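In case you want the letters, here they are:
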Amino acid sequence: MAQITMTQALNLAIDEAMADDPGVFCLGEDVSAKQGGGVFKVTSGLTEKYGEHRIRATPISETAIIGAAVGAALAGQRPIAEIMLMNFVGVCMDQIVNHAAKLRFMSGGQTPCPIVIRTTTGVGVGFGGQHSDMLEAWFAHVAGIHVVTPSNPADARGLMRASIDANDPVIFIENILCYGLKAEDPGPGYRVPLGKAAIAREGTDISIITYGRTVLDALAVADDLAKEGISVEVVDLRTIAPYDEATVLASVRKTGRALTLHEAVRPFGTGAEIAANIQEKCWDSLKGPVRRVGGTFSAVPFASHLEQAWIPNKGHIIEQIKASMGKL
Amino acid sequence: MAQIDRDKLLDIYTRTMKVNRTDEKFRELLMGGKVAVMYYCVRGQELVSAAAMAALAKEDYVVCTYRGQGEQTAKGIPMEKWWGECLGKATGTCKGKGGTMHITDPETGIMVTTGVVGSGLPIANGLAMASQNNGDGRVTLVSFGDGAANIGGFHEAMNMAQLYKLPVVFLCQNNRYGEHTAYADHTDSPTIASRAAGYGMPGVTVDGNDVNQIYPAVKEAVDRARRGEGPTLVEAMCYRMMGHFFGSDFSYMPPEHIAEMKAEDPLPKLRKVMLEHQFTEEELDAIVADIDAQINAAVEHALAAPLPDTDEIYKDVLEETA
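Chains A and B, in that order, give the protein sequences.
Residue numbering for the first sequence is 1 to 328, as defined by my numbering.
Residue numbering for the second sequence is 1001 to 1322, as defined by my numbering.
Only chain A is shown next, with the shape it has when bound in the complex (with noise of 0.2 Å):
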């Protein structure tokens, strides 16, 4: 099988959705042809194949987009929208809060809102504070919404295949770090399913969990440890909310310890949820408390040193999981 990125990887995914129903249709800011198939070039080469009505380049207009995708949706159709970078969601925040979460509860059903909400974002290309947040802790607060993100291209491609079947919303996190990760392909119909996490690498010591770019992060960190003796599991949510806590509460009754772990701020963070579960609900299986690591608790920086400092590395995680197995 071919190499692909991640990149390639969802745009094998639209493609294949898009040629398979002719209601899926793409709506977003520089997304078509004329302005070279969006910024980070995710919808390359589908306005050749369908044309500029279902690779629809809008306004700068996030309210209008979102709300249009809405609208779509409730009329049948499967909008795959792109608020280009994820901060910009606070300008439409009422469109996916207040309706397209919404809408099938306060219509007892009739109206689902089948829409994907595809994002950009992420720490450590010098975007600076209104352009590199993970908020993905806003939507999982949110009921009546699935947020995704992936951590490799094949999860990319069936994740994304998975969300547009969705009946539901989705917001689908893409994190520029994470754009030139290259895989092998994992062919076309690839689905992941949402709700499921994947166990990233087997461990017995400790349960780091965590998503997207952190995936490896974590993975590093184990490969490091594995030579001091200790033996780290990664659980890669994939899906963030609603998350598949089957997969983590089984992960750490067996390890016994666990670790959250996000590029978001840690404060309220979806760490914090996922650690008071585990606490609550493997208390007996616990060797000592859940840890947490995440961002730190103030807008993101722009000196490459201080974004550095800003964000989670290896040295934090380390440190908190050998403050968990006694060892620091």
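Keep in mind the hints are simulated off the structure, nothing from the lab.
No experiment lies behind these values; they were computed from the predicted model shown.
A virtual CB, placed ideally from N, CA and C, is assigned to each residue, including glycine.
Please note that a few of the clues may not be correct.
[Said to hold, decoys possible] Listed below are the simulated DSSO-like cross-link pairs for lysine-lysine, each with C-alpha atoms no more than 30 Å apart in a straight line:
1. B:K1165 - A:K34
2. B:K1315 - A:K281
3. A:K49 - B:K1165
4. A:K196 - A:K254
5. B:K1165 - A:K41
6. A:K196 - B:K1315
7. A:K314 - A:K254
8. B:K1262 - B:K1272
9. A:K322 - A:K281
10. A:K182 - A:K314
11. A:K182 - A:K196
[What the hints assert, rightly or not] Just a sample of chain A residues kept apart from chain B, beta carbon distances all over 10 Å, derived:
12. Q35
13. L103
14. L219
Given the coordinates of chain A, assemble chain B onto it according to the supplied hints.
Frame of chain A; chain B shown alone:
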């Protein structure tokens, strides 16, 4: 403008009175303490909603607001389901989970009732975009007030609709108040419709209390949209003859404004037009009596209907919980 034929006039009159009698009944129930729910009165705006719904085809889509009783009942939501929802019953359009501010009935084209000012316009674009994509020939009409014309989504949606020539009609019911704030205290534009020019879109301001103005204006906008010529902003001047919601203070409305709106009440004006078209007093009264009988039966049905199961709070969150 073309004369409205007799059949269409009768249709508009029937819808108008359905809206009005529903509003009267709701206020009667609220005043009598029989029900205690949020209700946004539509007294004074009945004709705008009725004429607009009469200009649409059955399969056309509508997006309305919390003050949407007029669109909902005039578009034809079965009364038992409508009252069931307003009273929070299992028999309601949304099983009692939406309520007065979130009535949804896709069977009659009421796709969204939003409780957030101005949020309906971007969604209407999406419904219209779906029709443009799949060529189903439907038109989407979105109703909103003058207050909504100052929120960002209004401008984003107007620009996008015109850019794509979407089959959508923007119906601004200018009832002179955004919540408790008078038009002159929230907007300095002479009219809302004048803003359409800024998007390259036709915009027209009409007297919403005059059936011979409001119906032809909406009909032309609907026809344009259906011909693929794009959106229109129709501003219907009307009066909100009650406070923002039932029971709310409206001492901020000056007496001269109240006198003005009573003089412009659309109902006596419409009745006069009907009589001019040789409908008799008896015929018109019989229509109202028939509507009242239907409403009373629907209210009795809704009052006696079961409450939703408490399990419903866990259902319809995601497909998995449907």
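Quick rundown of the hints versus the structure:
{"no.": "1", "hint": "B:K1165 - A:K34", "in the structure": "holds (19 Å)"}
{"no.": "2", "hint": "B:K1315 - A:K281", "in the structure": "holds (24 Å)"}
{"no.": "3", "hint": "A:K49 - B:K1165", "in the structure": "holds (23 Å)"}
{"no.": "4", "hint": "A:K196 - A:K254", "in the structure": "holds (18 Å)"}
{"no.": "5", "hint": "B:K1165 - A:K41", "in the structure": "holds (27 Å)"}
{"no.": "6", "hint": "A:K196 - B:K1315", "in the structure": "holds (21 Å)"}
{"no.": "7", "hint": "A:K314 - A:K254", "in the structure": "holds (24 Å)"}
{"no.": "8", "hint": "B:K1262 - B:K1272", "in the structure": "holds (15 Å)"}
{"no.": "9", "hint": "A:K322 - A:K281", "in the structure": "holds (23 Å)"}
{"no.": "10", "hint": "A:K182 - A:K314", "in the structure": "holds (22 Å)"}
{"no.": "11", "hint": "A:K182 - A:K196", "in the structure": "holds (22 Å)"}
{"no.": "12", "hint": "Q35", "in the structure": "holds (15 Å)"}
{"no.": "13", "hint": "L103", "in the structure": "violated (7 Å)"}
{"no.": "14", "hint": "L219", "in the structure": "holds (30 Å)"}
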